[in-house]
Amino acid sequence: MTPNRDFYTGLMATAFFAFVLFVLIPIYVKVPSFIPGFAPPPDMWPRVITGVGLAMGILAIVFAIPKMRLASGERVTTIGQTLNRNRKLIARFVAVLIGFAAFTYGMPVIGFVPATILLLAYLFLMTGNYSRKIWMIGLSIIFPILLYLVFTEVTHTPFPEGHLFSAYIADSVTLI
Amino acid sequence: MWNELLYAFEAVATLPNFIAMAAGIWGGVIIGAIPGMTGTMAVTLALPFTFYLPPVTSILLLVALYKGSTYGGSISAILIKTPGTASAACTVLDGYPLAQQGKGGKALNMALVSSCIGDFVSNISLFFLAMPLALFALRVGPPEYFMLMAFSLTIVASISGRSLLLGIISACIGLLLATVGEDIYGSFRFAVTEDMKSGLGVVPVLIGLFALPELIKMIVFRPEDNNAAMKLGDNRLTMSEFRGSLKSILRGSVIGVVLGAIPGIGPSTAAFFSYSEARRTSRNGDKFGEGELEGVAASESANNGCCGATMIPLLALGVPGDVITGVMLGAFMIHGLTPGPLLFQNNIGEVYSLFIGILFSSVFLFVAGKLTAGAFAKISRIPQTLLLPCILVLCVFGIYSIGASPFDVTVLLVMGVVGFAMMILNIPAAPFLIAFILGPMFEDNMRRSLAISRGDLGVFFQSWISWGFFALTVLFIALTIRREWQKWREKSRNTAQSA
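Listed in order, the protein sequences are those of chains V and S. Just so you know, we're using my numbering here: the first sequence kicks off at 1 and counts up by one. Just so you know, we're using my numbering here: the second sequence kicks off at 1 and counts up by one.
The set of hints was computed from the structure by calculation and includes no laboratory data. Even for Gly, the Cβ is constructed at its ideal location relative to N, Cα and C. A few of these clues could be false.
[Said to hold, decoys possible] Derived contacts from chain S toward chain V, CB cut-off under 10 Å, selection only:
hint, residue
1, Leu15
2, Pro16
3, Ile19
4, Ile168
5, Phe190
6, Ile216
7, Met333
8, Ile334
9, His335
10, Leu392
11, Tyr400
12, Ala404
13, Val417
14, Ile424
15, Arg448
16, Leu450
Same shape as in the complex, but just chain V (with noise of 0.2 Å):
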């Protein structure tokens, strides 16, 4: 019997809700000691739906397990071979969660329109097709300024200037 996809699904589905159920739900979902009337406490609706999940996910691999038994086209031999078979996709899939991440921590720091402008070059290096380039580099700088424009100009949305140039620009005008 060899796992396929269905299984591994299955799996981390279970493992997610059991998860939530045995130690999210303790920790993060406090039981007020006094409830107004007769009303369920704020955990039962979550411990009946994690209940669901759990028992869906079980389910799922209990469903899994006679397609084991077969070869199909979604066949997965074992996790390590499966990884390094798809080497290359994780690798990309792992750029894209740095780029997300790095964007995240430095739009705070260096400001929402260079962030944006470096995260939209970033993405479109991620694509992996370079013909377009003119039109990569100009939507790249072009596009976020134009975005930034429209809407400071129609929302007046007070996007982040960022620490580094504000303190950059507030040490300039105490030198001045």
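Once you have looked at the hints, place chain S on chain V.
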């Protein structure tokens, strides 16, 4: 009623509303014409911008996007054999052969005319059916509403795709994420950070789940560029060709209305059903699939016939008929309007304005299609490698502008990754969306009912309306179990035979 309609007409016939509808139709057609971009994406991408518009203008913009994208899907279906949206999949069957014969423009014209007729019939049905249904539903209290929500959640079964089990898992994740934040009695749940105390915003969650996974998928798998588009060629649609397809157009429109009004069925099924009926009854039935205009007409009238009809259960009962109306339900709530029977009692002016505006949007669709069919044809060739990253940045700006909150942007990106993971694991996203939106209403009404009845579960079975919805829920679940059982048996039989 007529006075109110007249007032509504005056309220709708304003420049901002017309601009919103025109922008919605054009935007929808553009997005629908691009393979891989769906009507759901069009509507969710527009959500952040509606925050700055009045409620009626916002909803008209979203409805126009819905209609535009449904028609737009036929452009790439006909010219590049790639349906822009799932509902246009059936249009490929005859649309692309017509384009190969040099009749792409003719096929597009037929798609436009039949879409507009289907759309108009659908709007009229919305006008006449939503009000009586809502008046009937005015008698519902929390227990009945709970039963109604339970029935609504059963549509998860019909939008689960390949596996009901995975659909339920997806719905459970949606229900769970909907519990994050403060509940109706002021208790905090899963408030891991300070930002999470106010819960997860509907807009970043929806956009993250529906718009971002396509981008991540493109980066990770790097698919081939778009297909080459066929030329428009012969553009004229003659009166005799139109008359020859009229019966199929009208039949398709009615099929669209009936199937669209039933929650969970949607335009794709309606299009295929209408196509097969047209093929069965047409004199040219044997030519279907080789480039028959009637085939395009049957499919397009049915999928656009669903657009107005899916709004019937949404407006009258607060039950979203499909994923797009699920997003619209979120949009209504963002603007302080709660779809359902009370909408007809408290916001009747807005309801009439919507009816009138939706009728106008059919005209806008026709004009937009006629004027710019050639230009729209070129849109289907925009490379996704340029388009999708720009869409992400647009989403980031839009989301940030709603509440000037970096947390919302983080939620958007995290949900994009979650959506991609769900895609890889074959877990459908649509049940998540329905559950995420309906979850809080379901829970609130359940807890209110139990508080009123002092914990007695009998409160859910005290009126015949509750019993009615309960019976419908049980019936729907029973039918789903039967269908799944049949599917499983057929699969086992095939497996045994192949072994």
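Checked hints:
no.: 1; hint: Leu15; in the structure: violated, 16 Å
no.: 2; hint: Pro16; in the structure: violated, 13 Å
no.: 3; hint: Ile19; in the structure: violated, 13 Å
no.: 4; hint: Ile168; in the structure: holds, 5 Å
no.: 5; hint: Phe190; in the structure: holds, 5 Å
no.: 6; hint: Ile216; in the structure: holds, 5 Å
no.: 7; hint: Met333; in the structure: violated, 19 Å
no.: 8; hint: Ile334; in the structure: violated, 15 Å
no.: 9; hint: His335; in the structure: violated, 16 Å
no.: 10; hint: Leu392; in the structure: holds, 7 Å
no.: 11; hint: Tyr400; in the structure: holds, 7 Å
no.: 12; hint: Ala404; in the structure: holds, 6 Å
no.: 13; hint: Val417; in the structure: holds, 7 Å
no.: 14; hint: Ile424; in the structure: holds, 8 Å
no.: 15; hint: Arg448; in the structure: holds, 8 Å
no.: 16; hint: Leu450; in the structure: holds, 6 Å
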